[in-house]
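> Heads up, the sequence shown stops at 185 in the numbering used here, and the numbers go up one at a time, no gaps.
Derived from the structure by calculation, the hints contain no laboratory data.
Keep in mind that a hint or two might mislead.
With a straight-line cut-off of 20 Å between C-alpha atoms, the simulated DMTMM-like cross-links for lysine to aspartate or glutamate are [as the list claims (entries may be wrong)]:
(1) K111 x E57
(2) K111 x E100
(3) K46 x E18
(4) K41 x E18
(5) K165 x E129
(6) K165 x E107
(7) K46 x D150
(8) K41 x E74
(9) K111 x D87
(10) K111 x D68
(11) K41 x E100
(12) K165 x E90
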Amino acid sequence: MTRLPGKGSRGIVLGNTEGVTLLCITAAGPLSGAVTAYGAKNAVLKQMAACLLASGEHTLTHVPNISDVATMGELLEYLGCSVHLNDRHELTIVVPPTSELRPSAPEHLFKAMRASLVVMGPLLARCHEVTMALPGGDDFGSRPINFHTDGLTAMGATFTNDATKIRATTGRRLQGTRFTLEYPS
């Protein structure tokens, strides 16, 4: 083990045990201060998409100021919403009436992140149609979209896909159903 400079027995100890690097830090005294915790990215992106379900003003709080939130904001703006994140990490989304929502957006907005897929359900519910590019985002390996498409099909949506786009329509309101996932998501 290697001991880095510290007072007495205090300090940082580095070691390697059975191929695992260890880092032990011994505190020199109590810590104090304040830390602000913001919401989880994966939660806020879904909450942003859920705002599409109802016209009007929606405010989300403790929103992290990260690129995926900005990208989802750009997508919502293209769809017809107004989106503003203030310096207090409050995100205001104003959703227009259904007649003013766009049920599609340019390919680059859907390809910019995996979470773009979550606008599909709300747009189908409000507009009865949606056309979108297959989602992009980080490459964590295979992450199929069939959970979304199978669930929405069970609710009454019809899908037509090609190599780059998904188009979904429903001639009526989506109907509630019971749906079992193949495995936990």
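> Could you run down the list of hints and mark each one as holding or not?
Going down the list of hints, with the structure as the test:
1. K111 x E57: Not satisfied, since the Cα-Cα distance of roughly 27 Å exceeds 20 Å.
2. K111 x E100: violated (23 Å)
3. K46 x E18: violated (42 Å)
4. K41 x E18: Violated. K41 to E18 sits at ~35 Å, over the 20 Å cutoff.
5. K165 x E129: holds (13 Å)
6. K165 x E107: Holds: K165 and E107 sit about 9 Å apart, inside 20 Å.
7. K46 x D150: Holds: K46 and D150 sit about 18 Å apart, inside 20 Å.
8. K41 x E74: holds (16 Å)
9. K111 x D87: violated (28 Å)
10. K111 x D68: holds (12 Å)
11. K41 x E100: violated (28 Å)
12. K165 x E90: violated (33 Å)
Of the numbered hints listed earlier, those contradicted by the structure are 1, 2, 3, 4, 9, 11, 12.
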